[in-house]
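Chains as they are written, first to last, in our numbering: chain A, 1 to 450; chain U, 451 to 625.
Hints listed in this document are in silico derivations from the structure and should not be mistaken for laboratory results.
Since the model is a prediction, treat every value here as computed from it, not as a measurement.
Among these hints, one or two may not hold up.
[Claimed, not checked] PhoX-like mimics (lysine-lysine), calculated; alpha carbons at most 25 angstroms apart, straight line:
(1) A/K184 with U/K469
(2) A/K374 with U/K566
(3) U/K469 with A/K142
(4) A/K374 with U/K557
(5) A/K184 with U/K483
(6) A/K32 with A/K4
(7) U/K620 with A/K149
(8) A/K4 with A/K24
(9) U/K483 with A/K191
(10) U/K557 with A/K370
(11) A/K370 with U/K566
(12) A/K47 with A/K32
[What the hints assert, rightly or not] Stretch by stretch, here's where chain A covers chain U in the computed footprint (C-beta under 8 angstroms, at least three residues):
(13) 475–483
(14) 580–586
(15) 607–619
We treat Cβ as the ideally placed atom computed from N, Cα and C, and that holds for glycine.
So the chains spell out like this:
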Amino acid sequence: MARKLLLTHIDVPGIHTFDVYRQKGGYRAVEKALKTLTPDEVVEEVKKSGLRGRGGAGFPTGMKWSFLAKPEGVPRYLVCNADESEPGTFKDRYLMTHIPHALIEGMIVASYALGANTSYIYVRGEMMPQIRILERAIAEAKLAGFLGKNILGTGYDLELFVQPGGGAYICGEETALLESLEGKRGNPRIKPPFPAVSGLYNCPTVVNNVESIAATVPIINDGGEEYAKIGIERSTGTKLISAGGNLNKPGVYEIELGLPVEEFIYSDEYCGGIANGKRLKAVVAGGSSVPILPANLITKTLKGEPRLMTYESLADGGFQSGTMLGSGGFIAFDEDQCIVRNTWNFTRFYHHESCGQCSPCREGTGWMEKVLHKIEHGHGTFSDIDLLVDVSKKIEGNTICPLGDAAAWPVASAIRHFRDEFEWHVTNGRDAQVRNFGLAHYADPLEPVL
Amino acid sequence: MLSVKHNEPMEFTEELLVKFAEIVARYPEGRQKSALLPVLHEVQAVYGWLSVPAMDRVAAYLGIEPIEVYEVATFYTMFFLQPQGKYMLEVCRTGPCCLVGAERIMKHIESRLGVKEGEVTPDGLFSWRGVECLAACGYGPVLQIGPEYTFYENLNEDNVDKLIEELKEKAAANG
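Modelling step: build the complete structure from the supplied sequences, incorporating the hints.
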């Protein structure tokens, strides 16, 4: 039976309330950290754990914390990134809905480690129900003495607030998030300076994903070394995977890093295989921004080794034949899905969400969207396919923030691995215009083949 | 597009002003501009949209220029600059939801309500639009309805029809 560290008590009735959460061992990590460890010792535990940012970038969390500048007399901030907007990803919503106190407890532990006395949880505006849940949980924790002044008599003060976004994927990028928190448009800042030096209100700031912060609780409870015993190589601990698409059992699963991808897709303990008796065609393993892979390359590397759910294994093969763990937004495409249409859909998303600052992203995403729309609707040419690859290359690496890359990679990888589908759309223009609510022409599982 | 009637100054209710003050208190001295997004959400929850007089009043309250409010209201997709239906059905239209039939649901809503994306039904009750990934990809297709953004998942034609009927009844009951 795989170990769970975050969702251990997910099925306990009332686990979203302070009382039940506390009863099940909640807020022990706060007591342990504030009463028996110095802030630096907490940082050390997180470093030892090998925890990597669970939002998508996978940057070692302990290292990020150690970069925090500590000038005299300047406030420091911890901001939780709960802007979950990467298509395919829904684990943070799940965690905040069902065990909000796991996040609150993690925020207290992490704020203490970083020397922050005011911390914010930036939640995307559409998650108003989760905002209400978190506000209620914060009030409960405050009433019980775990927030506010002189927590548990240790002399540590912490105020925690929830900040809503306004509907902007780009605000998941940490500097755009800070701009939004300051009441401005979500335009990413050029780095350096990094938030660790100049972040919220130009003060030293750490921005961490919901799951990363929640993970500090078991790390403090059991110790960083224990956490690092789970997993393989530099992929330690457990990860929440958001499984969606054409699966029998989509949903959020907590896995030990190192689980074979094939087992994750087909075992009844996890996704239970492809729905409706169909075959797997492709997988986007870590949110829409990571390269799409055909079925044969998601379960095995190019060399024929079984792929595991780890940062290293999924990236085996680089951009030629690999992908990334990313946010863990695992999207499965069955044999009836149209890769061209999905690529257009994702590109429309990036064009819509582009903040507009950089020309390569603002213009490039729009251009790719138009060309993909042309191909999808049967008016494309062969040179259009090469044009898409060319435009994607011109966006990549030439933007202020990673949204440009995120828009380029799905297009480049779809053409790399599924060029035959794009070419089919070019040579079968008339058939390409026949649509069944956006599903593929190869066959529509819900309606007869035309 | 921004509404044209600038010339009617407006005052907010006492209830809203109390809420604003509570929000502003979350930030350090002099950083009240951070309250802008939460305040705009509160205003939209009451009035249904953000008119120019409302945005000007928010600017005055926070001690910032009107342009600073306009630029935020036009950037973030959740803010409406024109009146919407009483119930604005926002359906996720991004990849993973489309794999499980979101486009079919949107076509169904369009034919059920009889209006195109962004238009309001003649009785003022409904409007709808496609929005980007709502982070519920395992339960798709999904839709949400503001201002509390109540969430509806695993949509099909039947439960969408049922939802529309329930909303019609609710509106009729409340007069």
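> So which of the earlier hints does this model not fit?
Replying inline: Hints 7 and 15 contradicted; others consistent.
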